[in-house]
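Protein chains in written order, with my numbering: chain A, 1 to 178; chain B, 179 to 451.
Keep in mind that the hints were calculated from the coordinates and are not lab data.
Careful, some of the hints might be misleading.
Unchecked claim - Just some of the chain B residues that point at chain A, by a computed CB distance under 8 Å: (1) Phe311; (2) Val346; (3) Arg410; (4) Tyr413.
Cβ atoms here follow ideal geometry from the backbone N, Cα and C, with glycine treated the same way.
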Amino acid sequence: MKFTVKHIVATAIGAALFFLLARFLSFPLFANTYLTLQYAVLGFFAAVFGPIAGLLIGLIGHALTDLAWGYGIWWSWVIASTIVGLLSGFIVKAGSVESGEFGKKGIIRFVIGSLIIHGVSWGLVAPVLDILIYAEPADKVFVQGIIAGAGNFVLTAIVGTLLILGYTKTRVKSGSLE
Amino acid sequence: MTAFGYIPRDSVLHRLTGASKLIMTVALSIAAMITFDTRFLVFVIIISLVMFGLSKIRFSELKVLLALITLFLIINNVAIYLFAPEQGTLIYNTRNELFHIAGRYSVTAEQLFYQLNVSLKYFAIVPVALIFFLTTEPGEFASSLNALKVHYKIAFAVSLSLRYIPDVQRAYREISQAQQARGVDISRKASLRRRLAGILAILFPLVFSSIDKIEQISNAMELRSFGRMKKRTWYAARSFSKRDFVFVGISVLFVLLSVLTLVVNGGRFYNPF
Chain A
1 MKFTVKHIVA
11 TAIGAALFFL
21 LARFLSFPLF
31 ANTYLTLQYA
41 VLGFFAAVFG
51 PIAGLLIGLI
61 GHALTDLAWG
71 YGIWWSWVIA
81 STIVGLLSGF
91 IVKAGSVESG
101 EFGKKGIIRF
111 VIGSLIIHGV
121 SWGLVAPVLD
131 ILIYAEPADK
141 VFVQGIIAGA
151 GNFVLTAIVG
161 TLLILGYTKT
171 RVKSGSLE
Chain B
179 MTAFGYIPRD
189 SVLHRLTGAS
199 KLIMTVALSI
209 AAMITFDTRF
219 LVFVIIISLV
229 MFGLSKIRFS
239 ELKVLLALIT
249 LFLIINNVAI
259 YLFAPEQGTL
269 IYNTRNELFH
279 IAGRYSVTAE
289 QLFYQLNVSL
299 KYFAIVPVAL
309 IFFLTTEPGE
319 FASSLNALKV
329 HYKIAFAVSL
339 SLRYIPDVQR
349 AYREISQAQQ
359 ARGVDISRKA
369 SLRRRLAGIL
379 AILFPLVFSS
389 IDKIEQISNA
399 MELRSFGRMK
409 KRTWYAARSF
419 SKRDFVFVGI
429 SVLFVLLSVL
439 TLVVNGGRFY
449 NPF
């Protein structure tokens, strides 16, 4: 896997978008838990630009968001975002979105993959790290994690898929003369 | 929009290299993550507030941020209490009830002490992270990451991202206003469905115009042969001075002290009960 200039710029713009969506388009769901669109965009960027860009967008975007929101840096959730970005880069076959080949199979893979990734990250990684680092009560962090995970998954599955489909339409299929 | 980013001043902390401030932020994060020792956490907070004072940044410049921090802490503490009113008694193994509220909810000294520690632990990282963020020039941001052996491509991505946050924000505002002129409503007055549809009507052009921008910027960088070499020098890089070594020394001391509290307390928690 190469990390080209395009990946560098995609990482930067992706993180800036992640930051902006977290700041301005978020709806409170539960105690310090928000329904936000940034994971849909993260899923989309990871699908297009691969796992390394995804990892960095999750890490940089979330760390900047936390700094600006006054969370200091809530490391456990930053790490969970990083994992979401990394793993989302592996769901879709590398380059398949770029070459405009993202059919029904791609959609199903993307949705099921996102379900697993968000389930593991918010249902397991984030709460367990909360318990290890901050010794927070287990009930609280699991409820927070499951609510956040469910919201993130639903929005990623719907909005992320629409974004990918919209993007593939602007791409010329490989081998096509149109 | 709150003030977010570099605030130029002439202070000791501004004169430190970005790298040493980053080391301090990481070191304090680790130190505060490891231990629950109240004395240590209070000590860390005092030192970091002193540093904050030295940075000549006034708290009045961070009003919105401080309000958000307070709100976050209050919500978190209420949530912890509602879910686990006896978490403190579990940790400290004693139970000194102060008064009873209702049902399973009563206030114990242990619970108050535990929640105080969680809040301190969280707050201990805030001033230093802010110092790093507010006193480091964006151009030096990347070179300081690179000085810590982060690959320059990643370091560059971080500073490029800081550079483009205002741009993306402007694009967001323009698209949002254009769509509102066409009848899209994302205010609280609209129904939830209309609001969601409106948000999508803004999100799609925003994301796709960003993709175009990626193409333009990366072409411009490639034309200038960015990324051809294995290494890169930085215009904004500064070499370490004595001051920096002292600062990094203090950072390391914090981590060592934090580990020492583990030994002294025989665990992560300091138990006064």
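Outcome of the hint check:
no.	hint	in the structure
1	Phe311	6 Å, holds
2	Val346	4 Å, holds
3	Arg410	12 Å, violated
4	Tyr413	18 Å, violated
In the structure shown, a violation is registered for the earlier hints numbered 3, 4, in ascending order.
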